[in-house]
Amino acid sequence: MADTVEPRTSRGLRDLLPAEMLARQWMIDTIRGVYELYGFVPIVTPAIEYLDVLRGSSAGSEAQQSIFTVRNPEKEELGLRFDLTVPLARVIAQYRDLPRPFRRYQVSPVWRADKPGPGRFREFTQFDLDSVGVESEIADTEIIAGMCDTLRALRVGPFRVRFSSRGILNSLLAYASLSAEQGADVFRVLDKLDKVGPEKVRLELTTGYVDASGDPIPGVGLSSEAVDKIERFLQIRSDDRREVVAQLRDLFAGVEGAEAEIAVVEKISNHLYSLGYGEDQVSLDLSIARGLAYYTGPVFEAILLDAPQFGSVFGGGRYDGLVMRFLGEKVPAVGASIGVDRLLAALVHLGKAGHQKSTAKVLITNMDPALADDYVAMTWELRRAEIPTELYLGTARGPGKQLKYADAWGVPIAVLYGSNEKEKGIVTLKDMDAGRQRAKALANRQEWLGERPGQREVPRDGLVAAVREMLDQIEA
RNA sequence: GCCGGUGUAGCUCAGUUGGCGAGAGCGCCUGACUGUGGAUCAGGAGGUCUCCGGUUCAAAUCCGGACACCGGUACCA
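Numbered according to this note's numbering, the first sequence terminates at residue 493, and the numbering increases by one at each position without gaps.
By construction, these hints were calculated from the structure, which means they are not laboratory data. We put the beta carbon where it would ideally sit given N, CA and C, even for glycine. Wrong hints could be hidden among the right ones.
Cut-off 27 Å, straight-line C-alpha distance, at most; resulting in silico cross-link-like pairs (BS3-like, lysine-lysine) [as the list claims (entries may be wrong)]:
#	residue 1	residue 2
1	K374	K421
2	K418	K374
3	K284	K217
4	K418	K441
5	K217	K132
6	K132	K212
7	K132	K209
8	K418	K457
9	K246	K212
10	K457	K369
11	K418	K369
12	K209	K246
13	K421	K441
14	K418	K378
15	K246	K217
16	K284	K246
17	K378	K441
18	K441	K457
19	K421	K439
20	K421	K378
21	K457	K378
22	K374	K439
23	K212	K369
24	K378	K439
Taking CB as the label site, the calculated pair distances span [said to hold, decoys possible]:
#	residue 1	residue 2	range
25	G134	R462	43 to 51 Å
26	E276	V213	29 to 37 Å
27	P35	R88	26 to 34 Å
The task is simple: from the sequences and hints, build the whole structure.
Here it is, written out as structure tokens:
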């Protein structure tokens, strides 16, 4: 016995088999369609970047251990990208002659060396779109509208895009007399509101608590007056975005800088109203904080109302400071990112994706080696008529095995052609699904064989037309 | 990182208080049925029982350790 290698994949990595790839490609194509309609352009950047590009020059000690590091022959310090935003900032800084605004999309895998969890992997794909170099809130509006259009195009069922703003949260800090440093912790905790509920958020903002597993969760150590003010802020909830804006103005009256931040959010909301994005699609939800530190303005995320357990499937915000790392100059930018894997998992869960198993619509079976020329001819005839067709190339001889093969791959139509058909100048078409349905009702094999469900004989020279007709019928 | 759980066939799992040649279902292969998927029936292939050490006449089973995976929780630029 020769030594063999055990086939396996490293932790947190997985293979995407055909059924999943087909669903994913459909999803990506659909999203791409929306963003090209909006006039975004594609780019791709290398998976591998210099470590200092990924980390930032100053951030030696920052908590960025989840980068996979990579060795090259020159022994340079390299790593796999962990998102698509940092490489975008690099591109903006590196290609100074790119016209701005630069509005691009990118769909690519990213890597994080975290502990994998349910629906969470070390290699996963993001679909990002960003507008770089636009100060106007119309860019933010465009991203939010695009999120709505994308989710509608994907037929995800009811969804909600929720947005807020870091500017408003900063006003909250001023209102509650908190420092910017405390702010980072506060935002992180607020982001968990949906998941853990208001009591635990209060505990985590003050003293901390011990969770069900006995793991102590440290508190942020805020005073109860500060937490009271935060809670008053969080109580502003309404489906009506205008109502939220009004209450916010009321609460933050006299807080320095607050009015300007509220005005930005109000403008976005009004643009969206005038475009027909009402409360059923977009809500102004002040509990949205987003975990990332680099956001500077509006932030947004989308959830599926029929699958809320999948969390945010699409999120983003404005980050006016990120390009500064490379250019030393402030370049405004706003964008959003779709977690392709998470959204796809949600769609499969909802039964809205993942049904297609094959690209071929027709399998030409191969029963008689003497007729090889006919099989090849029929195959290319169909292909040249733009009908995706596979010629059976395996070793099984009888039609039984070959039909089983068609069944296993979910090919909707099989073509049977042997000496009988050749003599009569016909081909036999078989609608696989019709047979599948019929099989449920039949217990006895003689009946099953005798009936030959879903089969039709058509003239050999009418093959293409007959297949097309049968496909139309199946797809209707 | 912390807490808990689980490692037995390709997959899902059963294996009683340790007891001779290690099981089931699904899947796969062959045949009944040499030109028809499903169903049924018969047969077949497929296992270092995660690994290392210990206890014992005897370990998949008990003990210790390692590793891996799963779930929860924390962190997440």
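Starting from the hint list further up, note which numbers the structure goes against and sort them upward.
3, 11, 18, 22
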